[in-house]
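Visitor: Sequence:
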Amino acid sequence: MKRFPGIVLLCFTMAVAVASLAQEARAGVTLHVSKLGDNTDGSSWEKAFHTIQAALSAVPDDQGGHRVLVRPDTYAEANLDPAYKGAPGAYNTLIGDFDGSLGSGARGWVVIDSGAPEVIVRTNPNSGGGNPGWMLLDEGDPKAEWGLKSIDWWGMGRCSPSLSCILWDRWVFKNLYTTGAEGAGWDLTVDKGSEFTTITEHCVAIGRFSGICVGAFVGRPDEPVVIRDSFSMCLDWWGDAAGIYIRAENPKPNDYPDVVIENTTLVGPDNALQVGNPGFEGYTRVHLKNCRLFSLNFSQPHGQPSTGVIYHTLDGKLLHVDLEDCLLSGFKIFGSGGKQYGAGEHPEGGPISYTTKGSVRAYVHYTQSVPEGMERLRFWPVTDFEHVLPPEFHNPKP
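Numbering follows this note's numbering, with no gaps: position 27 of the sequence shown is 43.
Heads up, a few of these hints could be off.
[Claimed, not checked] Derived pair list, reagent style DSS-like, types lysine-lysine, alpha-carbon separation capped at 27 Å:
hint: 1; residue 1: Lys-159; residue 2: Lys-51
hint: 2; residue 1: Lys-63; residue 2: Lys-51
hint: 3; residue 1: Lys-190; residue 2: Lys-51
hint: 4; residue 1: Lys-355; residue 2: Lys-333
hint: 5; residue 1: Lys-208; residue 2: Lys-101
hint: 6; residue 1: Lys-268; residue 2: Lys-333
hint: 7; residue 1: Lys-208; residue 2: Lys-63
hint: 8; residue 1: Lys-51; residue 2: Lys-101
hint: 9; residue 1: Lys-159; residue 2: Lys-101
hint: 10; residue 1: Lys-208; residue 2: Lys-268
hint: 11; residue 1: Lys-305; residue 2: Lys-190
hint: 12; residue 1: Lys-101; residue 2: Lys-63
hint: 13; residue 1: Lys-268; residue 2: Lys-355
hint: 14; residue 1: Lys-333; residue 2: Lys-373
hint: 15; residue 1: Lys-333; residue 2: Lys-305
Honestly, the hints are just simulated from the structure, not real lab data.
Treat the numbers as computed from the prediction; the structure is a model and nothing was measured.
Given these sequences and hints, build the entire structure.
Guide: This is the structure in structure tokens:
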């Protein structure tokens, strides 16, 4: 363990600032989504499209700066796919009118429930790839299968073993609540190793495999993937399931982060953050600042303990994390390789590289040690866990 070097902090601060400025550099078209619109051209709330996908398909060009404004409501949509990427210095934005300031006449979450489309989905055994894709069936009653659709590659963003999420590059996501399927996020699959950037702000992401996933990409030195002021949770502990899943494909370690996560809560039964997958040997760097990471499995040691709050599927040397003012809670803090519940066993991995800055606190099983540079907590982190509990169970404010 090394203390956080100042040069990395400077690079991190500049990278986040550059990514934020890129959102405002060019004014493109503004498209509207509302079930109350007339579903014509999306140019106003009165003419709003009825679906998010219709607005994404109407993005006119790759010059960036376009906005898709969405009225708070529940949208039964999956596999969203924009017509174009954003542009350097001019990100596109998909934003919900959470506080009513965008003129939709409503306030609250834009819920994208990808389990709600009335279709029959199955795994497609003939699609190829390590994890086969999905297919739609023409027979059966969709109402008989209402509920969470946990089918590989079925989620908020459209991708598959043969189709990449690369068109989501340089998009901003705000005020969205995604749920009902595998998860939200982006896997570059056939564009593996391409540079990729998104910014996620004030979002809730809940999925079977992950809340948010970013995979098969490499980070830009001045434009990391940014996730801030959000909540990301998975519902499964089998295989590569985690509150957030990240897999960069750098051929060697970087001195800048691929992903920056700020003021965000990550929750998973086995891992809060998981990196890597069999067959992928790339290096990943993640910076977490003012975050809360919860692995919920505090099994007895002779049961099936968590593999780690932060876990690399293969080998710790492939992951570096910078921890700044964070809380980590789980059976143990770090893990790599070895046996995961319901998955194949790998050789035990080596230690994960990390740095700490500020107050980095750890609450672990009594049998486990705490990594150097972290404060071992005696008491359950009540205040931090309020980010998981509903407001009626929070301590009253002074």
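Visitor: Can you give the numbers of the hints that this structure goes against, from lowest to highest?
Guide: Hints 7, 9 contradicted; others consistent.
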